[in-house]
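**Q** Residue numbers (full-length UniProt numbering): 1 to 293.
Careful, some of the hints might be misleading.
Under the rule of at most 25 Å between Cα atoms (straight-line distance), these lysine to aspartate or glutamate pairs were calculated in the DMTMM-like manner [stated by the list, open to error]:
no., residue 1, residue 2
1, Lys7, Asp149
2, Lys7, Asp164
3, Lys223, Glu181
4, Lys103, Asp31
5, Lys103, Asp24
Pair ranges (Cβ atoms, derived) [said to hold, decoys possible]:
no., residue 1, residue 2, range
6, Glu222, Arg79, 32 to 38 Å
7, Ala277, Ser56, 31 to 37 Å
8, Glu222, Asp249, 41 to 47 Å
9, Gly158, Asp249, 22 to 28 Å
10, Asp212, Arg72, 44 to 50 Å
11, Ala214, His65, 51 to 57 Å
12, Glu211, Ala236, 19 to 25 Å
13, Ser179, Gly82, 25 to 31 Å
In short, the hints are calculated from the structure, not lab data. By construction, the Cβ of each residue, glycine as well, lies at the ideal position given by its N, Cα and C atoms.
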Amino acid sequence: MNINWYKGIVVGVDGSDESLAALDWAAHAADLHEARLTVVATYTVPAETIRGYADSIMDAQQEAHRAVRAARTRLGSRRPGGRDVELIVLPGAAALVLSQRSKTCDLVVVGRRGLGALDRVLLGSTSSALAASSPGAVAVVPAGATTGDPRRIRVGVGRDEEPDVLGAAFAEADVRGCSLEVLHVADTNPFSSALPEMDPVATSWHQGTKEDLADRVARWSEKHPRVTCTMVIRRADPASALLHDLSPDDLLIVGGRRHQPAMGRVLRSVPDAVLRAAPCPVLVVHTHDLPAA
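Full structure from sequences and hints, please.
**A** Here it is, written out as structure tokens:
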């Protein structure tokens with residue numbers, strides 16, 4: 001992954017405090033990567049525009065324009081990435097519009113409101129739908145999260161080769177000047193021994209995983225020698241392990257397979273579960289989302 005993001009960063013805003021926090025995070029990322037920042041607000045147009053809908057369309061358009069004006073006010077005289085900020089208002093559902101924009105940018109950023117217990121279960125979150133269906137990388141910034149550099153980056157990796165995910169994590173840790181924790185988690189097996197050290201299969205798995213992970217980490221460490229990296233291997237529920245001891249001052253990076261919009265929500269993937277509960281920004285990296293170093 002290159003330090004500079006030449007295709008730029010797109011942030012979705014709706015005028016809420018959460019979306020303005022996402023704007024702050026995106027602006028800082030634009031500075032770090034010398035990327036152009038584009039601010040997008042959307043509004044929904046009824047399928048059939050007939051009498052009675054005109055006023056609602058106008059109201060929706062005005063609300064979207066207010067959102068981008070609020071973003072402009074928030075940024076003040078700042079020029080993130082050393083470039084002029086582009087402000088755009090587009091018709092359509094936010095998740096669909098931003099997913100389309102992700103095809104031509106390096107990163108899409110959205111905010112996430114604080115969720116109650118019921119909200120964590122309900123479908124329909126723009127941020128989760130976008131992360132599931134977007135062809136590009138997506139960062140979700142929850143309410144209350146730090147919008148500057150994190151104290152630590154945690155990246156979740158599997159046994160399969162994931163150069164995009166691991167490469168993005170090393171590059172972000174390098175440019176942000178923070179430590180990196182590389183976490184591999186194997187789902188719990190109810191048939192394995194309660195004492196892994198007494199289980200020869202578990203012992204063999206752990207050793208093989210450790211050697212494989214160490215080899216991959218070593219290759220990226222050579223490219224990013226300034227990054228202080230630790231490796232952690234656990235047998236646990238993947239989502240729970242990824243969320244363990246996270247704070248608003250962290251950054252979590254996970255890989256994700258692109259799904260159709262509905263499937264991404266129904267399958268309850270690990271990235272989806274993490275997005276619902278993480279107290280810190282979450283970067284979801286799909287294969288080939290970000291340029292390799």
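**Q** Of the hints stated earlier, which fail here?
**A** Hint 8 contradicted; others consistent.
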